Amino acid sequence: MDIQKILGKHRPEMDNLINILHDLQDASPRNYLPEESLREVARYLNTTLSAVYGVVNYYTMFSTKPRGKYIIRLCQSPICHMMGSETALESVKKLLGTDLYEPTADGLFSIELSECLGICDVAPSMMVGEEIYGHLSETVISKMISEIREREKTGNIKNTCDG
Amino acid sequence: MAEENRVVLKNLGKTDPESIDDYIDSGGYKAFRKVLGMEGKAIIDGLIASGLRGRGGAGFSTGMKNRFTSEACQKCENRYVVCNADEGEPGTFKDRVIMENDPHMFLEGMMIAARAINATRGFVYIRGEYALSVRRTQKALDDMKAKGLLGDNILGSGFSFDIEIKKGAGSYLCGEELTLLESLEGKRGYPRIKPPFPAEKGLWGSPTLVNNVETLACIPSIISNGAEWYRTMGTEKSPGTKIFTISGPVKRPGFYEVEMGTTLRTLVFDFAGGMQEGKIFRAALLGGAAGTFVDGSMLDTGMGYDLLKEKGATLGSGAIIVMDQGMSIWEMLNSILRFFAHESCGKCVPCRIGSKQLLLLMEQIKNNGADTEELCGRLLKQAEMMEKTSLCPLGQSHIMPVRTAVQYFPGLL
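Going down the list, the protein sequences come from chains A and B.
Once you know that position 123 of the first sequence is 123 in the numbering used here, the rest is easy, because the numbers rise by one and skip nothing.
Once you know that position 352 of the second sequence is 352 in the numbering used here, the rest is easy, because the numbers rise by one and skip nothing.
Misleading hints may appear alongside valid ones.
Using 20 Å as the maximum straight-line C-alpha spacing, the simulated SDA-like pairs for lysine to any residue come out as follows [stated by the list, open to error]:
#1 LYS201/B to GLY54/A
#2 LYS187/B to TYR53/A
#3 LYS145/B to TYR58/A
#4 LYS251/B to TYR53/A
#5 LYS251/B to TYR133/A
#6 LYS187/B to SER137/A
#7 LYS9/A to SER157/B
#8 LYS187/B to ARG11/A
#9 LYS9/A to LYS201/B
#10 LYS347/B to ARG43/A
#11 LYS201/B to ASN46/A
#12 LYS14/B to ASN57/A
#13 LYS187/B to HIS135/A
#14 LYS139/B to ASN19/A
#15 LYS251/B to THR48/A
#16 LYS347/B to ASN57/A
#17 LYS187/B to TYR133/A
#18 LYS347/B to ARG11/A
#19 LYS356/B to LYS5/A
Here are the simulated distance ranges between beta carbons [stated by the list, open to error]:
#20 GLU13/A to GLY148/B: 24 to 30 Å
#21 GLY312/B to LYS93/A: 39 to 45 Å
#22 ASP106/A to VAL349/B: 43 to 49 Å
#23 ASP99/A to GLY273/B: 34 to 40 Å
Hints in this document: simulated from the structure, not taken from any laboratory.
Every value quoted in this text rests on a predicted model; they were computed, and no experiment measured them.
A virtual CB, placed ideally from N, CA and C, is assigned to each residue, including glycine.
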């Protein structure tokens with residue numbers, strides 16, 4: 001990933017910090033922000049590493065540790081909770097053979113919990129990358145996993161959040 | 001069957017959300033062209049006359065907010081318009097529907113507001129998870145620029161204004177207007193002390209108008225058709241239409257734009273098709289987590305800001321979360337309080353400690369059947385104390401679901 005190229009797309013002003021961090025994280029194959037990137041950001045914005053780190057650390061969408069290529073964001077809002085999100089979480093964990101926030105051995109998936117994702121009409125729901133999945137059942141989840149694994153085998157590129 | 005009255009969503013399904021030509025062909029940007037020839041004061045007077053109230057949840061007069069922002073700090077060089085698209089109130093997805101299906105509608109509203117208060121720059125703060133909303137809004141902005149509707153000397157009028165998108169990154173608190181401004185400036189989402197309000201000292205200390213997506217999306221129709229037309233819809237104190245988002249075990253969960261004052265019964269049993277097979281209506285949580293529980297006795301109350309307030313309930317963001325007879329009020333309230341504890345930023349003590357204390361009390365209520373009444377009293381007292389002493393609306397919100405849960409469902413059973 002070319003950090004300078006990404007930085008160059010934004011004016012070097014503090015109000016661009018969060019947009020910059022999103023772009024860098026989206027460009028990272030493992031969906032995270034390594035310390036060297038944060039140092040570059042601090043230099044570019046003429047601020048301290050601690051100021052940048054403080055922001056990274058506050059917002060739940062950012063990570064300083066490597067994650068799966070596809071982040072499964074399982075909604076745990078009161079609505080999804082009521083409609084069975086805990087059962088859905090057990091299914092995802094079982095099908096992927098991993099725990100929350102632990103990337104799968106093949107580096108493809110990480111499971112995270114999210115607050116309300118605004119897809120309450122099909123609760124319980126989740127997002128995987130940019131894709132929305134609702135009415136979660138073991139069948140829906142298992143289909144999502146095999147489709148992504150298939151897609152990865154045929155070499156399609158990552159589904160990023162980079163608009 | 002009752003019919004929706006789509007004003008904000010009038011183009012839904014009829015135009016391509018990624019086509020500015022479609023939007024213009026359906027009458028888009030006519031209202032903006034109209035205000036280019038108007039004085040700011042006249043635009044604001046029109047908004048005040050329409051009675052439009054903020055759709056983000058607080059229900060404050062939009063026109064008055066515009067007036068305060070336009071009159072604040074005459075010597076300030078910069079004035080900003082910020083669109084709050086950080087939708088995160090549980091059960092709410094109206095702004096996502098607007099941004100994904102007709103982004104030009106709220107952007108035109110934003111241009112009109114900018115013209116009204118003579119703003120120099122605008123920002124749309126969209127929550128990070130709403131990837132499609134970000135993409136569609138960015139496409140809309142690019143197309144506006146290409147048509148000369150954004151940038152310097154717009155349509156030769158001498159009015160210059162530009163809009164940028166800023167993404168959130170997963171923080172409920174950033175939906176609160178002053179915290180949103182902190183985040184927009186590139187900082188941790190910690191709330192500021194209010195007053196001063198954003199109208200006076202907002203982004204980088206300048207007068208700033210902060211409006212919700214749905215509020216802005218109401219404006220083009222009001223300008224085109226007039227305040228009187230707008231007031232023919234809804235109730236006297238809550239004119240116009242509102243998008244309600246209905247979730248839970250109903251037959252047709254989803255979003256419905258109806259006139260303010262429509263009853264909860266019509267929304268749940270008519271529009272949303274009633275309860276699923278074998279389920280009986282037990283309760284609804286109105287307005288999201290920072291909302292209020294109601295039971296069946298409220299089904300015939302009209303959904304308007306004041307109609308609900310009179311009965312101790314809130315309209316909030318327009319979320320209606322339906323619960324059936326098999327669902328536990330304790331579970332629902334506990335899930336809400338867990339959410340608040342997770343989202344508490346930790347800046348002020350009452351919210352940081354109080355939100356954890358409420359969860360401990362909830363555990364005790366679950367385990368100690370005998371003292372439930374006394375424990376519920378302590379729960380209420382704790383939430384009241386937080387309401388009085390917390391710095392921002394987050395810590396002041398716990399009381400709403402707690403008070404109504406205890407009121408309608410003694411013992412939280």
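Here's how the hints hold up against the structure:
Under the criterion of a C-alpha separation no larger than 20 Å, the hint pairing LYS201/B with GLY54/A is inconsistent with the structure, at around 24 Å. A C-alpha spacing of about 10 Å is found between LYS187/B and TYR53/A, which places the hinted pair at or below 20 Å, so the restraint holds. Between LYS145/B and TYR58/A the alpha-carbon distance is near 34 Å, which puts this suggested pair outside the 20 Å criterion. Restraint check: the Cα-Cα separation between LYS251/B and TYR53/A comes to about 46 Å, which exceeds 20 Å; the hinted pair is violated.
Simply put, LYS251/B and TYR133/A have alpha-carbon atoms about 19 Å apart, close enough for the 20 Å limit, and the pair holds. For a cut-off of 20 Å, the pair hint linking LYS187/B to SER137/A is broken: about 39 Å separates their Cα positions. For the hint linking LYS9/A to SER157/B, the alpha-carbon distance of about 30 Å lies beyond 20 Å, and the restraint is violated. For the given pair, LYS187/B sits about 16 Å from ARG11/A by alpha-carbon distance, which is consistent with the 20 Å threshold.
Distance restraint check for LYS9/A and LYS201/B: the Cα-Cα separation of roughly 30 Å exceeds the 20 Å cut-off, and the hinted pair is therefore not satisfied. Of the supplied pair hints, the one linking LYS347/B and ARG43/A is violated, its CA atoms being roughly 28 Å apart against a limit of 20 Å. Proposed proximity of LYS201/B and ASN46/A is contradicted: the alpha carbons are some 25 Å apart, above 20 Å. Straight-line distance between C-alpha atoms of LYS14/B and ASN57/A comes to about 43 Å, which puts the hinted pair past the 20 Å bound.
The hinted pair formed by LYS187/B and HIS135/A fails the criterion: a straight-line CA distance of about 36 Å is larger than 20 Å. With a C-alpha separation of about 17 Å, the suggested pair LYS139/B and ASN19/A falls inside the 20 Å cut-off, and the hint holds. Distance hint between LYS251/B and THR48/A is unfulfilled; the C-alpha atoms sit about 53 Å from each other, more than 20 Å. Of the pairs offered as hints, the one joining LYS347/B and ASN57/A holds, with about 15 Å between alpha carbons and a cut-off of 20 Å not exceeded.
Of the supplied pair hints, the one linking LYS187/B and TYR133/A is violated, its CA atoms being roughly 32 Å apart against a limit of 20 Å. Taking the CA atoms of LYS347/B and ARG11/A, the gap is near 30 Å; set against the 20 Å cutoff, the hint is violated. As the CA atoms of LYS356/B and LYS5/A are separated by approximately 44 Å, the hinted pair breaks the 20 Å bound. One distance hint, 24 to 30 Å for the beta-carbon pair GLU13/A and GLY148/B, holds here, with the actual separation near 26 Å.
Range check, GLY312/B to LYS93/A: about 41 Å between beta-carbon atoms, so the 39 to 45 Å window is met. At roughly 45 Å, the beta carbons of ASP106/A and VAL349/B sit within the given window of 43 to 49 Å. Distance hint check: the CB atoms of ASP99/A and GLY273/B are about 39 Å apart, consistent with the given range 34 to 40 Å.
The structure is inconsistent with the numbered hints 1, 3, 4, 6, 7, 9, 10, 11, 12, 13, 15, 17, 18, 19, although it conforms to all the rest.
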